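Asks: Assemble the complex: chain A is given as a structure, and chain B must be docked to it using the hints.
Heads up: the sequence lines are chains A and B, in that order. Going left to right, the first sequence walks through residues 5 to 471 as this note's numbering numbers them. Going left to right, the second sequence walks through residues 5 to 252 as this note's numbering numbers them.
Please note that the accuracy of each hint is not assured.
[What the hints assert, rightly or not] Listed below are the simulated DSBU-like cross-link pairs for lysine-lysine, each with C-alpha atoms no more than 35 angstroms apart in a straight line:
1. B:Lys86 x A:Lys219
2. B:Lys115 x A:Lys159
3. A:Lys108 x A:Lys6
4. A:Lys420 x A:Lys436
5. B:Lys110 x A:Lys219
6. A:Lys221 x A:Lys341
7. A:Lys333 x A:Lys77
8. B:Lys75 x A:Lys159
9. A:Lys128 x B:Lys110
10. B:Lys107 x A:Lys221
11. A:Lys425 x B:Lys153
12. B:Lys110 x A:Lys159
13. A:Lys219 x B:Lys75
14. A:Lys76 x A:Lys267
15. A:Lys221 x B:Lys110
16. A:Lys51 x A:Lys40
17. B:Lys175 x A:Lys341
18. B:Lys86 x A:Lys221
19. B:Lys153 x A:Lys420
20. B:Lys175 x A:Lys425
21. A:Lys219 x B:Lys107
22. B:Lys115 x A:Lys128
23. A:Lys267 x A:Lys277
24. B:Lys86 x A:Lys341
25. A:Lys221 x B:Lys75
26. A:Lys221 x B:Lys222
27. A:Lys6 x A:Lys112
28. A:Lys219 x B:Lys115
[Unchecked claim] Over the 10 angstroms line for every Cβ pair with chain A, so calculated as not near, a few chain B residues:
29. Asn45
30. Lys107
31. Gly114
32. Gly130
33. Leu177
34. Ile192
35. Asn195
[Said to hold, decoys possible] Derived DEER-like restraints, expressed as beta-carbon distance ranges:
36. B:Ile250 x A:Asp81: 49 to 57 angstroms
37. B:Arg249 x A:Asp81: 43 to 51 angstroms
38. B:Arg171 x A:Lys221: 33 to 41 angstroms
39. B:Glu116 x A:Lys221: 23 to 31 angstroms
40. B:Trp112 x A:Asn220: 25 to 33 angstroms
Derived from the structure by calculation, the hints contain no laboratory data. Everything numeric in this text was worked out from a predicted model, so none of it was measured. Just so it is clear, CB atoms sit at the ideal spot from N, CA and C, and this is done for glycine as well.
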Amino acid sequence: MKLRQFIAIFVSKSTILALHLIRRGGTTLPGKVASKLYPGILKSIAKDFEIIMVTGTNGKTTTTRIIEEILKKNNIDYITNKSGANLLSGVTTLFIQAVSVCGKPKHKVALIESDEAAFNQVTKHLQPNTVVVTNFFRDQLDRYGELYSTLNAVKSGLERIDDTTTIVLNADDSMCASLGINTSKRVIYYGVNQNAYQGSSEDINSDAMFCIFCKNKYTYTNHIYGHLGGFHCTNCGYSRPTADLECTGIQEAGSSYTTISWKCTSALLQDDKELITRINLPGLYNVYNAMSAAACGLALNYSVDTVTSALESFESGFGRMESINVEDKTIKLILVKNPTGFNQVLSFLALDSTALNVAFLINDNLADGTDISWLWDVDFEQLNSISDKIDGLITSGVRGEDMAVRLKYSGLDTHKIRIIKDYHMLIDEGLKKTPSGGCFYILPTYTAMLDIRSILMKKFNLKEFWK
Amino acid sequence: MFNLNICHLYPDLLNTYGDRGNMLALQRRAMWHGINANITNITIGTAFDSSAFDIVFLGGGQDFEQEIIQKDLLDQKGSEIKNAISSMKVFLCICGGYQLMGKYYKTWDGKEIEFLGALDLWTVGGSERMIGNIVFESDIINDNGNPLKIVGFENHSGRTYLGDGIRPFGKVLSGNGNNGTDGFEGAIYNNVYCSYSHGSLLPKNPVLTDHLLSLALKQKYADFDSLGELDDTFENAARTTVIQRILR
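Extracted from the complex, chain A is given alone in its bound form (with noise of 0.2 angstroms):
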């Protein structure tokens, strides 16, 4: 260094500071920008730091913001990325944001929360001391290319990494899990137990459905969700491992928030009884969540209090699930990205106990996945079953046609579905077949989310309702 150092730094915070000033919130930019002048500078800035990474296909945003809860709980001075900064360039700018000129830390933990397809790069940087993996489910693969390459980039990165590593894995799924044998790191397993949670039997259509070391079908004892459950190869004996936290039951399951009770080994808690937590999140993808993130925050050796006052505390933001009242309706948008995801928010409506109108605004972007095929991979047959309850359905974005088309051949009735394009007519017609009361579902694809957050805000006058 440090002369090279302290100019990458100097010059990328100018950037930030320039973008700042022309109102532009540049995450990217500055991080690419630094990186140019020195292409060591992330791998510099970062090693002082504690850092905590978050990757895998669903449910990173949702785990990494209730891990940044229980830091906060514990006045853990820390810094964290933005979901939309989850790639090589915007983590760079968060750390140079987080360092002085000279490259020295301002804060003690990093929390970051990791592209799946940019691990095994952002890896090359930063050595974390601890690895949530979440899942891995198919998920836009014009982007990523097919699910087992994503495991195998994830698996590299993670043999790059120091054996100190603490990695945290989902139990249930076969492929996550798989990353926790043939490692001499340590690792933490969370997942539901067996009878905590009838789910429906095999999903012909899941992911996962034969051995990731010996190619034979597995056998299940139960399903969860997709691949999810406990699943047991005959021909090499790999099976589901034993969790060290364990979500033991579900009390509740609200449409606002789910009560479940959970326990943990000796290997994360001395005290094995039973807990009861209030997860401030409906759905069982967020049972999913909360076990990681209170498996990271116990494997960190934060006390336990700490972990269930944040499961139970925790507000989600940006699109995962949030509310807005209008007059005395409410408007719920909930983001959708890939099959598992979706159905698991198609269940979730199914709580609801008044008139349902729903409103799928599915976009082809980039960001979104240009490849709709993965709609035909959503159970929307499921809403057959509730279709007494189904008020209207609105489709709309890039590709309204595609889904009412989706819509249709799921065998619901086609005078349900309407086609709006205009967003604004959408939210109207919407919030008038809404009954006082009762709740407006808009599920928007990212780049759908980003357009319709921003009308609502016109509309309904809001400064910013989001954090």
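Replies: Coordinates of chain B only, in the frame set by chain A:
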């Protein structure tokens, strides 16, 4: 009442790109036309008796899964599939399913993997994937007096080449098609229809779906004449939106 038996081959393995939509389209449209359609899933270890089926569907899978089925496909189901093809059964094979019907797949480093050899075509691995919306035109299917424009989405690195007896399914209007160079997409032999297009292919190309259903019904019932009209407003809207967007 007419009755169609549809076989979904390897649904638990060749299911990567939303190809389930093709089964839904066949089943729903048959129903809307007043035809009874039964779907049977047949996978590794289950016997495939081609005489029991009128339409056979094969989707695309990831390399991992395609390796798993290869032995079962060649040793257990190969001869029945070839029988079915020569007895003019209707097949729809998408992406990986299309490649598997051919003679072999040659990887980029020259390794040859033996495939079924039911059709005279072969695939060579490429380094770059061909990904994006595709529109192709098929003069084999009539759409109100014009060749049918078919829309889909392709995502493949294999380049497929057709032997002498095999006709291309259509001419590429936008996209890459079979190999990105000769301007053709898919393959047709007897009543076997192969394509790289998923999306899913059938739901938003209802004329193609009805064409396949009609072919199967003609094979089976001497008194079958033709299918009636359905309300395809949504399907046509989805199809024309894509066509207008990429064929400006």
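Asks: Indicate, hint by hint, whether the structure satisfies it.
Replies: Here is how each hint holds up against the structure:
1. Pair hint Lys86 of chain B plus Lys219 of chain A holds up; C-alpha atoms about 27 angstroms apart against a cutoff of 35 angstroms.
2. Among the hinted pairs, Lys115 of chain B with Lys159 of chain A is consistent with the structure: their alpha-carbon atoms are about 26 angstroms apart, no more than 35 angstroms.
3. This hinted pair checks out: Lys108 of chain A and Lys6 of chain A have alpha carbons roughly 12 angstroms apart, not beyond 35 angstroms.
4. Only pairs whose Cα atoms come within 35 angstroms are accepted, and Lys420 of chain A paired with Lys436 of chain A is accepted, the gap being roughly 15 angstroms.
5. Simply put, Lys110 of chain B and Lys219 of chain A have alpha-carbon atoms about 22 angstroms apart, close enough for the 35 angstroms limit, and the pair holds.
6. Taking the CA atoms of Lys221 of chain A and Lys341 of chain A, the gap is about 28 angstroms. The hint holds against a cut of 35 angstroms.
7. For the suggested pair Lys333 of chain A and Lys77 of chain A, the alpha carbons sit about 33 angstroms apart, so the restraint of at most 35 angstroms is met.
8. Between Lys75 of chain B and Lys159 of chain A the alpha-carbon distance is near 28 angstroms, which keeps this suggested pair within the 35 angstroms criterion.
9. Between Lys128 of chain A and Lys110 of chain B, the direct Cα distance comes to roughly 34 angstroms. Compliance with the 35 angstroms bound is thereby established for this hinted pair.
10. Proposed proximity of Lys107 of chain B and Lys221 of chain A is supported: the alpha carbons are some 27 angstroms apart, at most 35 angstroms.
11. Under the criterion of a C-alpha separation no larger than 35 angstroms, the hint pairing Lys425 of chain A with Lys153 of chain B is consistent with the structure, at around 25 angstroms.
12. A hinted pair counts as satisfied when its Cα atoms are at most 35 angstroms apart, and Lys110 of chain B with Lys159 of chain A qualifies at roughly 28 angstroms.
13. Distance hint between Lys219 of chain A and Lys75 of chain B is fulfilled; the C-alpha atoms sit about 12 angstroms from each other, no more than 35 angstroms.
14. Restraint check for Lys76 of chain A and Lys267 of chain A: the C-alpha separation of about 23 angstroms stays at or below 35 angstroms, so the hint holds.
15. A threshold of 35 angstroms between alpha carbons decides the hint, and for Lys221 of chain A with Lys110 of chain B the separation of about 27 angstroms falls inside it, so the pair holds.
16. At most 35 angstroms may separate the alpha-carbon atoms for a hinted pair to count; Lys51 of chain A and Lys40 of chain A meet this at roughly 19 angstroms.
17. Under the criterion of a C-alpha separation no larger than 35 angstroms, the hint pairing Lys175 of chain B with Lys341 of chain A is consistent with the structure, at around 33 angstroms.
18. Straight-line distance between C-alpha atoms of Lys86 of chain B and Lys221 of chain A comes to about 27 angstroms, which keeps the hinted pair within the 35 angstroms bound.
19. For the suggested pair Lys153 of chain B and Lys420 of chain A, the alpha carbons sit about 29 angstroms apart, so the restraint of at most 35 angstroms is met.
20. Restraint check: the Cα-Cα separation between Lys175 of chain B and Lys425 of chain A comes to about 32 angstroms, which is no more than 35 angstroms; the hinted pair holds.
21. Restraint check for Lys219 of chain A and Lys107 of chain B: satisfied, since their Cα atoms lie roughly 24 angstroms apart, inside the 35 angstroms limit.
22. A C-alpha spacing of about 32 angstroms is found between Lys115 of chain B and Lys128 of chain A, which places the hinted pair at or below 35 angstroms, so the restraint holds.
23. Restraint check: the Cα-Cα separation between Lys267 of chain A and Lys277 of chain A comes to about 6 angstroms, which is no more than 35 angstroms; the hinted pair holds.
24. Restraint check for Lys86 of chain B and Lys341 of chain A: the C-alpha separation of about 40 angstroms exceeds 35 angstroms, so the hint is violated.
25. For the suggested pair Lys221 of chain A and Lys75 of chain B, the alpha carbons sit about 15 angstroms apart, so the restraint of at most 35 angstroms is met.
26. The hinted pair formed by Lys221 of chain A and Lys222 of chain B fails the criterion: a straight-line CA distance of about 38 angstroms is larger than 35 angstroms.
27. Restraint check: the Cα-Cα separation between Lys6 of chain A and Lys112 of chain A comes to about 22 angstroms, which is no more than 35 angstroms; the hinted pair holds.
28. In summary, the hint linking Lys219 of chain A to Lys115 of chain B is supported, as the alpha carbons are separated by about 21 angstroms, within the 35 angstroms threshold.
29. For Asn45 of chain B, the condition that its CB be more than 10 angstroms from all CB atoms of chain A is violated, with the nearest at approximately 7 angstroms.
30. With a minimum CB-CB distance of about 24 angstroms to chain A, Lys107 of chain B clears the 10 angstroms threshold, and the non-interface call stands.
31. For Gly114 of chain B, the non-interface assignment is confirmed: its Cβ lies about 22 angstroms from the closest Cβ of chain A, beyond the 10 angstroms cut-off.
32. Distance check for Gly130 of chain B against chain A: the nearest CB is about 14 angstroms away, which clears 10 angstroms, and the non-interface claim stands.
33. Every C-beta of chain A lies more than 10 angstroms from that of Leu177 of chain B, the closest at about 18 angstroms, which supports listing it as non-interface.
34. Against chain A, the non-interface label of Ile192 of chain B holds: every CB pair exceeds 10 angstroms, the least being about 22 angstroms.
35. Residue-level check passed: Asn195 of chain B sits 24 angstroms from the nearest beta carbon of chain A, beyond 10 angstroms.
36. Evaluation of the 49 to 57 angstroms hint for Ile250 of chain B and Asp81 of chain A yields a pass: the beta carbon distance comes to about 51 angstroms.
37. The beta-carbon spacing between Arg249 of chain B and Asp81 of chain A, approximately 49 angstroms, falls within the hinted interval of 43 to 51 angstroms.
38. In this structure the supplied range 33 to 41 angstroms holds for Arg171 of chain B paired with Lys221 of chain A, their Cβ-Cβ distance being about 37 angstroms.
39. Our hint of 23 to 31 angstroms for Glu116 of chain B and Lys221 of chain A holds, since their Cβ atoms are close to 28 angstroms apart.
40. About 29 angstroms separates the C-beta atoms of Trp112 of chain B and Asn220 of chain A, a value consistent with the hinted range of 25 to 33 angstroms.
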